[in-house]
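Peer 1: Single-letter residue listing:
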Amino acid sequence: MIEKRLYEQILSIALSGGADFAEVYCEYTHNGRISLLNERIESITDEVVSGVGIRAFRGTSTVYGSTSDTTPLGLIKCARSVAAAMGEVGEGQSVVLTERIFPNIHPVRIAPASAETSIKTDLLKLACSSAKAYDKRIIQAAGNLLTVDHTIEIANSEGLLTSDRHIRTRMAVSAIASDGTETQSGSCSPGRGMGLEVFEMFKPEDIGTEAARQAMVNLGAVYCPAGQMPVAIESGFGGVIFHEACGHSLEATSVGIGCSEMCGKLGQKVANEKVTAIDDGTIPGAWGSVNIDDEGHPTQRNVLIENGVLRSYMIDRLGSRRMGMPSTGNARRQSYAYEPTSRMTNTFIDNGPDRNEDIIASIEYGLYAKSMGGGSVNPLTGDFNFAVNEGYIVRNGKICEAVRGASLIGNGSKIIQDIDMVGQNLATGQGMCGSSSGSVPTDVGQPLIRVSNITVGGR
Amino acid sequence: MNFDLLKNALVKALLEEGLTEYEIYYMSDESVSVATLNKEVNSFSSSESGGLCLRVLVDGKMGYASTELMSESEMAELPRRAKSNAEATEKPDTVGIYAGSDSYEELKIKKVELLSAADLKDYAIKTGEALFAKDPAVKEGTSSQAICAGTTVRLVNSHGVDLSLDCGINALIGEAVVGVGDENQQDYSFKILTGDETVTEVVDEAVSEALARIGAGSVDSGKYNVVISGNQMRSLLSVFSSAFSAKAVIDGMSRLKGKEGEKIASEIVTITDDPQREGNAVGTTFDAEGVATHRKAVVEAGVLKTFLHNRETALAMGKETTANASKAGYSSPIGIRPYSFAIEPGDKSQDELFAMAGDGIYITEINGLHAGANPVSGDFSLQSAGFLIKDGKKAEAVKGFTVAGNFFELMKSISSLGNKLERGVTTGFTGFCSPDVLVPGMSIAGK
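Chains as they are written, first to last, in the numbering used here: chain W, 1 to 459; chain U, 1 to 447.
I should point out that these hints are in silico values taken from the structure, not numbers from a laboratory.
Please note that the accuracy of each hint is not assured.
Computed list of lysine-lysine pairs in DSSO-like fashion (alpha-carbon distance at most 30 Å, straight line) [as the list claims (entries may be wrong)]:
id, chain 1, residue 1, chain 2, residue 2
1, U, Lys223, U, Lys259
2, W, Lys125, U, Lys110
3, W, Lys132, U, Lys91
4, U, Lys447, W, Lys398
5, W, Lys414, U, Lys259
6, W, Lys77, U, Lys447
7, U, Lys257, W, Lys136
8, U, Lys121, W, Lys269
9, U, Lys319, U, Lys394
10, U, Lys447, W, Lys265
11, U, Lys111, W, Lys77
Residues from chain U that keep clear of chain W, each with C-beta distances beyond 12 Å, as calculated [to be verified]:
id, residue
12, Gly50
13, Gly96
14, Ile97
15, Asp135
16, Val177
17, Phe190
18, Asp196
19, Gly346
20, Lys390
21, Lys420
Nothing here was measured: the structure is a model prediction, and the numbers come from that model.
All C-beta atoms in this analysis are idealised placements derived from N, C-alpha and C, irrespective of residue type, glycine included.
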């Protein structure tokens with residue numbers, strides 16, 4: 001997208017304010033969104049995101065400038081402003097770039113932009129008509145098909161010049177059920193770092209049916225009782241518990257400035273010995289996978305916690321400087337407008353020793369959280385919350401009536417000690433994770449687990 | 001390229017495609033921020049971006065295409081993309097591109113002059129130092145940030161409408177980390193920056209609120225009289241405000257469907273929507289379709305007076321538009337959003353509200369609104385923190401509990417309103433405001 005010699009010139013200017021490192025990130029992204037409502041295509045929008053982010057470091061001080069003006073003059077102006085903000089502008093050290101190509105481990109068979117629009121609209125219609133057909137009380141099915149075709153180039157003053165193209169596809173269906181007095185909703189929104197071939201893996205009719213099924217369960221559900229109790233959390237998006245309760249506290253974003261309850265705990269037992277947790281950006285075609293992170297570092301598989309013992313943090317380049325530890329390929333950003341920071345990729349609790357049926361059978365009175373919503377955490381204190389989208393009361397080891405409106409709250413460092421049973425049906429769920437470098441796709445995952453005691457918010 | 005050059009290139013390409021009914025919506029943003037960590041400047045960032053969204057009417061359907069790439073070749077390409085998107089859309093467009101309002105209000109909220117990078121740096125350093133000087137418990141990880149942000153909008157269409165808006169804010173954030181014994185807590189304060197007095201206000205608020213969290217106890221599960229702080233009630237209102245959108249009503253996604261003219265809230269509740277609320281930092285005089293905006297009561301003395309409309313929903317429901325057409329981002333389709341949406345304040349001081357609550361809980365923090373609140377059903381169950389109210393007075397800090405309920409039931413059970421309107425800092429055109437509210441008998445899940 002930008003000539004190599006121009007990259008070299010921009011980097012040299014960016015260094016000229018006394019920086020010891022400079023980086024240019026150039027992006028060209030095509031975002032497509034098709035929306036269906038009331039059984040017809042409601043709108044189609046597409047958007048080109050195009051711009052450049054220039055960063056300079058001196059020690060752990062950073063300057064970041066971004067612009068959507070990608071003309072040579074616009075880039076030079078941005079680089080000059082970065083240099084001026086860093087310090088007195090002198091002679092910029094010259095930079096010689098060597099292009100490096102990393103292997104593509106996420107091949108795409110059907111790039112969304114190349115497919116006829118009618119193919120995409122038909123997929124969405126199939127999903128939403130399946131939702132409506134599920135029950136007469138499904139009064140609305142809304143669907144979105146989201147496609148992202150993202151090309152980046154990264155050049156830095158260490159001589160790296162590299163590029164990557166990343167495609168991802170997601171369908172999100174929400175169903176509304178009403179019996180005239182109550183109105184409840186259900187949703188299903190799978191996605192992958194793949195093209196339209198993803199719908200051979202997830203059948204659109206199954207996506208619609210699942211959203212409708214969940215809405216109908218909630219329509220017939222009673223309010224969840226409140227209190228402390230054991231909770232079995234199902235596989236897949238249930239893994240959001242680890243993401244919120246522990247994952248964010250292992251990011252260099254908070255660890256590197258001493259604002260995480262996980263600081264200084266490498267090698268220590270921080271979780272129940274049944275818990276092994278992994279962040280892996282290399283899983284082919286996964287939602288949170290990329291070939292290289294947003295600083296040009298190849299992604300990798302990082303074992304964060306092994307049998308309860310803390311083994312690794314997730315570290316970006318700035319975090320690496322702050323912490324004196326190598327980068328782990330976790331630098332991510334939503335777009336060129338954001339300075340990258342350490343973020344999760346595909347983060348999950350690995351399979352454990354317990355049989356799933358034993359986990360439910362072990363609960364005398366508690367909650368079975370079959371489907372989870374999102375949540376949030378304060379990494380400093382570890383206090384977190386997340387929502388239960390579909391839940392059931394467990395009595396005497398049996399799953400009983402459906403309950404709605406539940407949330408789970410607790411403290412991260414305590415809860416990961418309290419994960420005392422880990423099952424064997426590891427699966428993942430897709431989310432968009434928000435933090436200081438914007439919204440990025442992340443997978444969460446786990447097998448069925450039991451938390452021995454947690455506060456269930458209900459009424 | 002400047003806007004007029006782009007527009008000329010685009011109009012030429014539109015005519016070549018035979019497209020005569022169109023709208024060009026251009027939005028550009030600029031921002032600068034300087035941050036300190038542990039009193040030292042550790043980060044400086046600046047950004048400039050601009051995007052253009054083209055809407056065209058093709059055979060009675062609306063097509064959109066957007067780009068940040070401001071080149072002549074991209075402008076030549078955009079009409080073809082928008083046309084192809086219109087052709088694959090199935091929903092007929094009933095209102096087309098807007099011909100323009102007879103008159104527009106005068107813009108009462110003038111754009112502030114954005115601070116220079118040097119001034120921002122001074123404010124960030126002053127704030128960082130003042131945070132540490134405020135209390136010996138303030139520790140490593142404490143940060144400050146001074147920001148300026150400006151937005152320019154230009155809306156030009158084939159009916160000769162040509163509107164523009166220029167707005168901006170300067171703001172200051174202080175985030176205090178405090179440690180007492182083994183316990184660390186943090187809190188922040190985010191305010192519009194008007195001078196050195198803002199530094200004092202931000203520092204006082206961030207440090208005192210972080211310290212107030214230290215040693216928080218737990219609460220027993222049960223029903224409590226609850227005072228929800230204005231800032232937290234504002235957040236709840238923002239999540240459930242979609243129920244007031246006529247589009248949500250038409251699409252079966254609002255529990256307020258069919259309730260116009262009915263009592264939906266306690267009679268002390270009045271909700272207004274004001275594009276130029278006095279005291280706000282940003283405001284507008286036209287909506288995302290170019291319709292002249294105005295203040296209106298949405299709920300008056302508990303009765304639902306109107307939904308929020310754009311031209312399409314107004315036509316579908318036989319009403320006048322309330323000029324609430326909005327775009328979530330420059331490239332988004334036309335939707336509906338309020339401007340400054342406020343529960344109007346009442347007449348009670350905070351102490352009077354605590355006295356009326358007797359024994360209860362004052363909620364000053366609610367988390368996880370994006371997940372634990374369902375805008376369609378109104379149900380919520382949310383991680384909270386705050387203070388006990390004992391014998392009508394604010395007492396010790398508590399945390400680790402949830403507050404649960406249903407927003408539509410909550411609106412009916414508000415029994416008293418505070419006299420101070422809390423408003424958030426927003427760089428966009430939508431913001432929410434509320435006073436403290438007293439709600440009897442809310443469900444709390446604690447130990």
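Peer 1: Hint by hint, which ones does the structure fall short of?
Peer 2: Violated hints (numbers, rising): 2, 5, 6, 8, 9, 12 and 16; every other hint is consistent with the structure.
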